Amino acid sequence: MEYAVELLNIKKQFPGVLANDHITLKIKKGETHALLGENGAGKSTLMSILFGLYSSDEGTIKINGKEVKITNPNDANALGIGMVHQHFKLVHNFTVLENIILGVESTKNKLLDMASARAKVMDLSKRYGLDIDPDKIISEITVGMQQRVEILKMLYRANDILIFDEPTSVLLPQEVDELIKIIKGLAAEGKTILFISHKLEEIKRVADVCTVLRRGKVIGTVDVATTTKEQMAEMMVGRKVLLQVDKGDGYKGEKRPVLEVKDLCVEDKESGKLRVDHATFTIHAGEIVSLAGVDNNGQKQLVEAITGIIPSNGEIYLCGENVTERNIRYRNTHGLSHIPEDRQRHGLVMEFTVSENSILQEYFNDEFQKSGFIKRAVVDQYADELIEEYDIRAGRGGETTAGSLSGGNQQKLILARELERDHELVIAVQPTRGLDVGATEFVQKQLITQRNAGKAVFLVSLELEEVMSLSDRILVIHDGKIVVSDLLPSKIDMMELGMYMAGSKGVDKNA
Amino acid sequence: MRKTKKTWVDNFPDLTASLVACVIGLLVGFLVLVVTNPENSIKGFKALLTGAVSGGFTDFGNVIVYAGIYILCGLSVGFAGKTGVFNIGLSGQFIIGGVAALYVGIMWTWLPPGIHCLVAVIAGLLAGLGWSSTIGFLRAFFNISEIVVGILLNYIGVYLANMIILDKFYDSYANRSQAVQSSALIPTLGMEKIFPGTGADITFFVAILLAIVIHVILNKTTFGYEIRTCGFNKDAGIYSGINAKKNVILSMAIAGALPGLAGAMFYLSSSHNYIQIVDSAPAIPMRGIVVSLVAMGSPIGIILSAIFIAYITVSGLDMQLYGYVPEIVDVVTSVIIYCTAFVILIKKAISTILRKSHDLNEG
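Taken in order, these protein sequences are the chains called A and B.
Heads up: the first sequence is residues 29 to 539, going by our numbering.
Heads up: the second sequence is residues 35 to 397, going by our numbering.
A hint or two may mislead.
List time: in silico DSSO-like cross-link candidates among lysine-lysine, alpha-carbon distance up to 27 Å [said to hold, decoys possible]:
{"#": "1", "chain 1": "A", "residue 1": "Lys54", "chain 2": "A", "residue 2": "Lys245"}
{"#": "2", "chain 1": "B", "residue 1": "Lys279", "chain 2": "A", "residue 2": "Lys398"}
{"#": "3", "chain 1": "A", "residue 1": "Lys398", "chain 2": "B", "residue 2": "Lys280"}
{"#": "4", "chain 1": "B", "residue 1": "Lys268", "chain 2": "A", "residue 2": "Lys398"}
Residues from chain A that keep clear of chain B, each with C-beta distances beyond 12 Å, as calculated [claimed, not checked]:
{"#": "5", "residue": "Thr135"}
{"#": "6", "residue": "Lys301"}
{"#": "7", "residue": "Cys347"}
{"#": "8", "residue": "Leu376"}
{"#": "9", "residue": "Glu384"}
Keep in mind the hints are simulated off the structure, nothing from the lab.
Since we're looking at a predicted model, the values are computed, not measured.
Just so it is clear, CB atoms sit at the ideal spot from N, CA and C, and this is done for glycine as well.
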């Protein structure tokens with residue numbers, strides 16, 4: 029059997045990390061081959077080498093049996109390799125059609141020949157069932173359609189080796205279904221497909237063969253149909269993994285309201301549009317309430333308004349006290365803990381040591397300062413306790429700079445700081461984003477511990493599995509409105525949740 | 035993660051980078067000497083290295099005088115830099131501080147000696163503080179670039195100083211201000227006998243003391259903690275509820291007080307007790323930018339880098355003995371100083387090399 033792609037003995041060294049450790053990967057013509065691995069396992073690096081974005085230190089690449097040198101994406105393109113990146117590479121103020129032909133424009137008498145380009149694009153669109161509107165501007169269309177535009181870009185360039193890098197991470201459940209249908213269609217037409225993912229469910233549904241990477245090495249290649257999800261997860265992580273979260277016994281105490289939000293509105297400064305539109309909800313002690321929604325539907329603004337970072341209209345009650353007019357510091361010292369979405373930008377000072385970061389929210393407390401002087405010894409001891417208790421792996425202990433910690437350990441540091449100080453409410457925004465399985469488990473377990481200890485947890489997440497497995501109750505936000513606030517994860521399925529998120533279901537109580 | 039044995043470089047990465055930067059600066063300076071006058075280059079370079087100590091105590095006294103001013107101005111840039119604000123308004127703060135000190139030193143003759151000097155110095159400090167507060171205020175509340183405001187205020191400062199001098203205490207014969215009353219001069223503690231004709235006084239020691247004070251403020255206090263937080267990562271500062279606006283204004287005020295003080299102490303010196311009327315901003319305080327850059331903003335490092343740059347500046351003059359015209363001397367000292375400014379690049383290079391060797395050891 030002839031191989032479409034052969035990556036032989038590929039090695040790539042980054043400063044401090046061996047991203048690809050002599051990886052050999054062979055992909056047969058016409059097969060859908062999944063590449064499974066955790067964040068940092070080397071999947072994206074390998075694909076970037078194949079697509080010419082990086083050059084490998086060692087190893088050879090063969091396309092259709094012939095050895096090739098790929099030094100940039102144009103080389104890859106000439107060999108028939110196309111790639112849909114996780115973050116799309118589209119020109120936002122161009123139309124769909126303009127984006128598709130960008131770089132390979134056909135001309136007639138030195139003028140753009142849009143008519144023939146359009147005909148070709150529409151033909152491809154019909155043939156592969158890729159529904160698009162060629163004249164819409166990119167910024168006006170849905171993420172799902174943007175992805176179809178990316179796929180059409182590859183097809184327009186007559187690529188027959190198609191790389192999909194984490195293609196479902198930005199999609200709604202319904203859109204995922206459609207994408208999988210499209211990929212199957214492409215495979216049926218004889219295209220060779222490389223599907224990068226860390227989601228077992230999708231790999232099960234779409235791929236024929238799956239190669240598992242861990243820490244830059246190939247762990248094995250398995251036949252997807254005959255391998256269970258549990259087996260693949262074990263290969264990926266290197267130990268047995270519980271795919272279910274154990275939530276333990278719930279909180280038995282009084283379910284008093286901890287956070288109450290009434291008619292909260294946040295106006296966009298430039299457009300004057302309401303980014304948060306009359307949001308009203310309550311979170312009680314001892315429950316995890318998730319805010320589900322498609323990215324950029326007002327989650328960020330809602331969280332920033334509650335934490336006091338941006339001004340808002342409406343009322344916010346923290347532990348029964350109206351804090352609407354209070355500043356960030358007041359809220360932080362009166363029951364609010366915040367695990368921000370961007371841990372490097374908002375959660376930590378990367379140049380500071382672990383020790384210095386551990387008191388970022390408390391340095392002004394008498395525990396850590398006396399008449400303006402920081403009690404260094406107390407701080408260092410406190411940091412050591414946090415390191416111990418939260419298993420923060422820091423090469424030089426409290427003296428390690430935060431920037432040199434791995435992402436998981438940075439998140440553990442933030443978690444330690446925010447959960448160890450006095451609080452009643454934890455707002456966690458995308459707390460497991462970019463973390464490996466071990467760190468994800470740790471973070472989720474901590475949130476559940478919080479809930480069982482009677483704290484209120486407000487979880488904002490784009491990972492629907494996380495929302496479904498952790499929450500006691502789900503709110504859904506769409507276009508700044510809380511469309512539903514009483515979904516129980518046990519009573520609904522992902523599809524239904526997806527419909528709420530897309531705005532096609534749910535009553536707008538305030539309309 | 036395995037702990038690797040810590041080397042000197044691991045413990046003092048900044049100091050190492052600064053030293054390497056100085057050596058590279060000197061080498062490039064030597065290269066300029068070789069290119070312009072090959073025969074005398076060795077002798078010239080020797081003069082550059084030893085000039086300030088071979089020429090008797092006068093030259094060394096000058097090093098101390100300049101070092102004191104450089105330390106104060108370097109601290110100013112370093113302190114503002116920790117908040118993430120660039121103080122380029124040194125000249126304006128310096129000259130305004132100087133003119134305020136002169137005003138007290140010349141006009142308020144009713145003050146008793148001792149007190150007179152102290153009041154004059156404080157006047158200079160406050161003038162510099164007020165002058166720079168404008169910058170901090172505009173930056174904090176209207177987000178106006180501190181660089182633009184700082185540069186403009188340098189010019190305004192010079193012309194305002196000239197105006198005050200012309201109006202209040204002008205010596206038309208020499209086209210400069212009148213001389214300061216001797217009761218307002220900075221105490222020398224007998225240093226004029228050791229370093230004759232240099233104006234060496236306690237400025238240098240005051241500067242070192244202040245460097246230590248600034249070091250303590252930055253590294254030991256909650257105020258310093260807030261300032262560094264905002265300087266490294268303003269967003270994290272905001273998330274933790276730090277009032278970033280207040281800190282910008284405060285740190286800019288302190289950053290202006292230092293050159294104001296430097297100006298006061300410079301013009302209240304026995305060898306230079308007047309301000310010449312010129313239409314350009316004084317260049318001496320601007321060296322504070324390089325001083326701080328070489329030391330990467332560290333107050334203790336600033337003491338060392340200020341002495342180094344003062345030393346090179348003074349020693350350089352000796353190269354004229356070997357046929358280097360003053361312009362070349364300027365070029366050489368400037369080249370050295372600006373090469374040392376590549377210190378951050380050097381620091382990065384060192385850490386890359388270190389990491390590679392660690393990887394090799396471990397792998």
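B/Lys279 paired with A/Lys398 [C-alpha distance capped at 27 Å]: Holds, because 24 Å separates the two Cα atoms, which is no more than 27 Å.
Restraint check for B/Lys268 with A/Lys398, where alpha carbons must lie at most 27 Å apart: Holds. B/Lys268 to A/Lys398 sits at ~25 Å (cutoff 27 Å).
Pair hint A/Lys398 and B/Lys280, alpha-carbon separation not exceeding 27 Å: 21 Å, holds
Check on A/Thr135 being off the interface with chain B, judged by Cβ distance over 12 Å: 46 Å, holds
Non-interface label on A/Leu376, tested against every C-beta of chain B at 12 Å: Check fails; 6 Å does not lie beyond 12 Å.
Chain B versus A/Lys301 - minimum CB to CB distance exceeding 12 Å, so not interface: About 24 Å separates A/Lys301 from the closest Cβ of chain B, which puts it past 12 Å; holds.
Nearest-CB test (12 Å) between chain B and A/Cys347: 18 Å, holds
Proposed proximity, A/Lys245 with A/Lys54 (alpha carbon, max 27 Å): Satisfied, since the Cα-Cα distance of roughly 14 Å is no more than 27 Å.
Interface-negative label, A/Glu384 against chain B, beta-carbon threshold 12 Å: Check fails; 7 Å does not lie beyond 12 Å.
Of the numbered hints stated above, those contradicted by the structure are hints 8, 9, listed in ascending order.
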